[in-house]
Amino acid sequence: MVLIKTKKEIPSSEITPEAVYLSRRKFIGQSSAVVAAGALAHSSLALPDSWIEDHGYEPGEEIGEDITPEKHATSFNNFFEFGTRKEDPAAHAHQMTVEPWSIEIKGRVEKPGKLSLEDVLKDIDLEERIYRLRCVEAWSMVIPWIGFPVKRVLDKYKPLSDAKYVKFTTLLRKDEMPGTKNLLSSIEYPYVEGLRLAEAHHPLAIFAIGMYGKVLPNQNGAPFRLVVPWKYGFKSIKSIVKIELTKRQPRTTWNRSAPHEYGFYANVNPEVDHPRWSQANERRLPERLFAPKRIKTKMFNGYDEVASLYEGMDLKKKF
Amino acid sequence: MAKPRLAFLTTKPAKWIVGLLLAIPLLLLLIDVIIELVNPGTRLGPSPGDALVDRLGTWSIRFLYLTLLVSSLARLLKVPVLVQHRRTCGLFAFSYVVLHFTAYLSAILGFDLNTLLGDFSKRPYIIFGMIALVLLIPMAITSTRGWRKRLKLNWKRLHRVIYVIAVLALIHLWLQERSTYTDTVIYGSILVLLFIERIVHSLRQRRTRKNVIPSPS
Numbered sequence: 037m038v039l040i041k042t043k044k045e046i047p048s049s050e051i052t053p054e055a056v057y058l059s060r061r062k063f064i065g066q067s068s069a070v071v072a073a074g075a076l077a078h079s080s081l082a083l084p085d086s087w088i089e090d091h092g093y094e095p096g097e098e099i100g101e102d103i104t105p106e107k108h109a110t111s112f113n114n115f116f117e118f119g120t121r122k123e124d125p126a127a128h129a130h131q132m133t134v135e136p137w138s139i140e141i142k143g144r145v146e147k148p149g150k151l152s153l154e155d156v157l158k159d160i161d162l163e164e165r166i167y168r169l170r171c172v173e174a175w176s177m178v179i180p181w182i183g184f185p186v187k188r189v190l191d192k193y194k195p196l197s198d199a200k201y202v203k204f205t206t207l208l209r210k211d212e213m214p215g216t217k218n219l220l221s222s223i224e225y226p227y228v229e230g231l232r233l234a235e236a237h238h239p240l241a242i243f244a245i246g247m248y249g250k251v252l253p254n255q256n257g258a259p260f261r262l263v264v265p266w267k268y269g270f271k272s273i274k275s276i277v278k279i280e281l282t283k284r285q286p287r288t289t290w291n292r293s294a295p296h297e298y299g300f301y302a303n304v305n306p307e308v309d310h311p312r313w314s315q316a317n318e319r320r321l322p323e324r325l326f327a328p329k330r331i332k333t334k335m336f337n338g339y340d341e342v343a344s345l346y347e348g349m350d351l352k353k354k355f
Numbered sequence: 019m020a021k022p023r024l025a026f027l028t029t030k031p032a033k034w035i036v037g038l039l040l041a042i043p044l045l046l047l048l049i050d051v052i053i054e055l056v057n058p059g060t061r062l063g064p065s066p067g068d069a070l071v072d073r074l075g076t077w078s079i080r081f082l083y084l085t086l087l088v089s090s091l092a093r094l095l096k097v098p099v100l101v102q103h104r105r106t107c108g109l110f111a112f113s114y115v116v117l118h119f120t121a122y123l124s125a126i127l128g129f130d131l132n133t134l135l136g137d138f139s140k141r142p143y144i145i146f147g148m149i150a151l152v153l154l155i156p157m158a159i160t161s162t163r164g165w166r167k168r169l170k171l172n173w174k175r176l177h178r179v180i181y182v183i184a185v186l187a188l189i190h191l192w193l194q195e196r197s198t199y200t201d202t203v204i205y206g207s208i209l210v211l212l213f214i215e216r217i218v219h220s221l222r223q224r225r226t227r228k229n230v231i232p233s234p235s
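Chains A and B supply the protein sequences, listed in that same order. Our numbering puts the first residue of the first sequence at 37, with every later residue one more than the last. Our numbering puts the first residue of the second sequence at 19, with every later residue one more than the last.
Read the hints as simulated data drawn from the structure, not as lab findings. Some hints could be false.
To be verified - Cβ-to-Cβ under 7 Å is the rule here; a few derived chain A residues that face chain B:
1. Phe116
2. Thr216
3. Ile223
4. Tyr225
5. Val228
6. Trp313
7. Ser314
8. Leu321
9. Pro322
10. Arg324
11. Leu325
12. Pro328
Just so you know, these numbers come straight off a predicted model, no measurement behind them. Here a beta-carbon is modelled for each residue, glycine too, at the ideal position from N, C-alpha and C.
One chain only, chain A, in its complex shape (with noise of 0.2 Å):
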């Protein structure tokens, strides 16, 4: 399984001692006012870029194919609230305040609150993980995570016995986010996904706070998002102000906008075409011009251990 890795080893003069590291932490809060103003060269990022060197992740177990070059996996992005072109959200996603940031935990859960990042992010490990994206336009990507799995968050509020679904929201801001502004948009605002709670349990799916050895940039969803990837990229919402538990399957915003073509579960599979083209295969980005690079699409996007939270599910109808 994905989730056994070799543990490198990491020789002790490299470990933080907790003192320092709780420094750290302090520095970064005090710091907070000074990065919002401007000082570093990455302004708008919740964590200082060596925020996540320092702190130090378990470096992720290669699966033997190429890792898409960080330049296109940082601008080439589906993130319509900057909009509609793969190149908007690099262009303008640097408007979007994400210091401070601040989560709202709500619904059927134990103990529901505000908490900033800091308060999410207290106590977890954070690990990379090397995982294929595949978006439902048909093409993919493979991308070096860093995160924790979502039960670590989840756990720590406790979701109540009769909670069914997880339901995610995206940061909506008009004055920062300018696809919001657009008047034919079909699609309605704030992005909204949802997971049953099985799936959001699997150790496969992880909150990322940041790709590449870095914090995530803007365009990627920063400073905190969900990477689902047995499913379509779409699932995977950015930029999350709001987690809620519910007892009933929220309202997704693909979904709500056209549910023939996309279905609340949006796993990735081969044979359950979109009704606009064929999801048989993919092309794996980056490609080289006249030399498209056609892939065949893998089942669950190549994570078989998700198949048992299906057991029993007419995927074809369930899509």
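Knowing the structure of chain A, use the given hints to seat chain B on it.
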């Protein structure tokens, strides 16, 4: 007779200049393609095939509608000589459409004909685009003066197919919209205006004919 100020528009150099201006987007794209081929990932992004097809498609519809606009402008501005440049616009539109399709075949499909056939059934917008391309072929062939003379009145009839093509192009665009109808609304509004101008023009012509009043020119 053309107004003396506009006489230049009918000359050969004017045709060359118009041709060169219309070729600018193509030249810029060609530069990007060459740089992209030498230095992958620098000009057209990680999905260069899509980017190329997309840009050629955008210019196709722009030139198609520009061709229709030439006749409208000639009437509205009362500069009939403008129509002499309509053919150049039309042929550029045709060239962009052919390149758009060629880029789709080569850079996206990699000449994989099975996928092409699959696409035909799975992607209705491709059918609309293909019909538009096919309909453009006889128009391009008969665009010369010789064919115009040979076909006489039928030439005008044949070239009215451009309106069908303009609508097909809009449907082709509309069927690909995912989260916003911005492009469809923009190009659709332009097309509606072009149609309104033609309807108004033909109504006026009919009235003048009925009244048999010689126009004071």
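Quick rundown of the hints versus the structure:
no.	hint	in the structure
1	Phe116	holds, 5 Å
2	Thr216	violated, 11 Å
3	Ile223	holds, 5 Å
4	Tyr225	violated, 10 Å
5	Val228	violated, 14 Å
6	Trp313	holds, 6 Å
7	Ser314	holds, 5 Å
8	Leu321	holds, 4 Å
9	Pro322	holds, 4 Å
10	Arg324	holds, 5 Å
11	Leu325	holds, 4 Å
12	Pro328	holds, 5 Å
Hint compliance for this structure: hints 2, 4, 5 are broken, all remaining hints hold.
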